[in-house]
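**Q** Turn these sequences into a full structure, and let the hints steer you where they fit.
In UniProt numbering, the protein residues as written are 1 to 274.
It should be emphasised that the hints constitute simulated quantities derived from the structure, not laboratory data.
C-beta: ideal position from N, C-alpha, C; glycine also.
Some hints here could point you the wrong way.
As the list claims (entries may be wrong) - Okay, the calculated beta carbon distance ranges per label pair:
no.: 1; residue 1: E16; residue 2: A226; range: 29 to 35 Å
no.: 2; residue 1: S199; residue 2: S143; range: 21 to 27 Å
no.: 3; residue 1: G169; residue 2: G2; range: 16 to 22 Å
no.: 4; residue 1: P175; residue 2: G13; range: 33 to 39 Å
no.: 5; residue 1: T243; residue 2: W144; range: 20 to 26 Å
no.: 6; residue 1: T17; residue 2: S210; range: 15 to 21 Å
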Amino acid sequence: MGNTQRKDYDTTGNPETRNPDWMSFLPDGKSICNLSIPGTNNSMHCSGGDAHQHQSWNLNSQYEAGIRFIDVGLKYSGRKLVVAPSNQGTRYFDAILKVTIDYLKKYSKETILMRIYEEIGMYGRKPEFRDLVTRYAEEAGMSWFWTSSSIPTLGQSRGKIIILRDYYGSKIGIPYQNLNIYEDNHVASIFNIDQKWSSIKINLLKAQHSAGDQMYLTFTSGCSMAAYPYTVARSINFSLYKTLEQMKNEKNKLGIIAMDFPGSFLIQLILKNN
1 MGNTQRKDYD TTGNPETRNP DWMSFLPDGK SICNLSIPGT NNSMHCSGGD AHQHQSWNLN
61 SQYEAGIRFI DVGLKYSGRK LVVAPSNQGT RYFDAILKVT IDYLKKYSKE TILMRIYEEI
121 GMYGRKPEFR DLVTRYAEEA GMSWFWTSSS IPTLGQSRGK IIILRDYYGS KIGIPYQNLN
181 IYEDNHVASI FNIDQKWSSI KINLLKAQHS AGDQMYLTFT SGCSMAAYPY TVARSINFSL
241 YKTLEQMKNE KNKLGIIAMD FPGSFLIQLI LKNN
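**A** What follows is the structure, encoded as structure tokens:
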């Protein structure tokens, strides 16, 4: 993979430019549905080798670069929740919350959208998972979380974490299934990347022409044993950058775009649509 820093694609340890408080310049009355939000896929997978790594920036650096959606899969380890899979090393959910809350303390006009899901094998522990996520949130302080299932305005959610709950039974945050989502992370080989890009464009077009009452989420990531995450990202990010560059004089609702290895200037192009 190496260390590459392009406008659209970055596998180095630090973003080239920063957008730490971009939400502070937007009006309170704007619905989260009507924002263009840069995000990351498998946000905590910052190591593990070429076949498993999806990001090169740590969580705080992602936030500093302008990322406002993170994707967090968790599993049990004793009575704790840790980032899955295990080959990424041990990263505890409470540490993720601490980094996020510390960021919101510093930049109180920002909001972070956090998809949470349970990584399960043959046997899931769905009620226990729900209860443990709730316990972590209570220990961190419920005032840091948007607890309603309705989609807030930016003003209502400033300084808060919006959980997009992709797990059983919780009443904290917004049900993940309520979003309009394109998420197909399987790219069979490098010869299927163009097909992946076509599907991405379709969902982005739907977001642009939506009524503004639903959230759209587009995952640009993809991988397989014949197409590693960085290989797919290197191509897809370039195509996305070119497309957004052509649209830079327009304002478009793009929804959330969750990426692997985004470059700083690609993030900025997404932000220009707000």
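**Q** What hints, given by number in increasing order, does this structure fail?
**A** 2, 3, 5, 6
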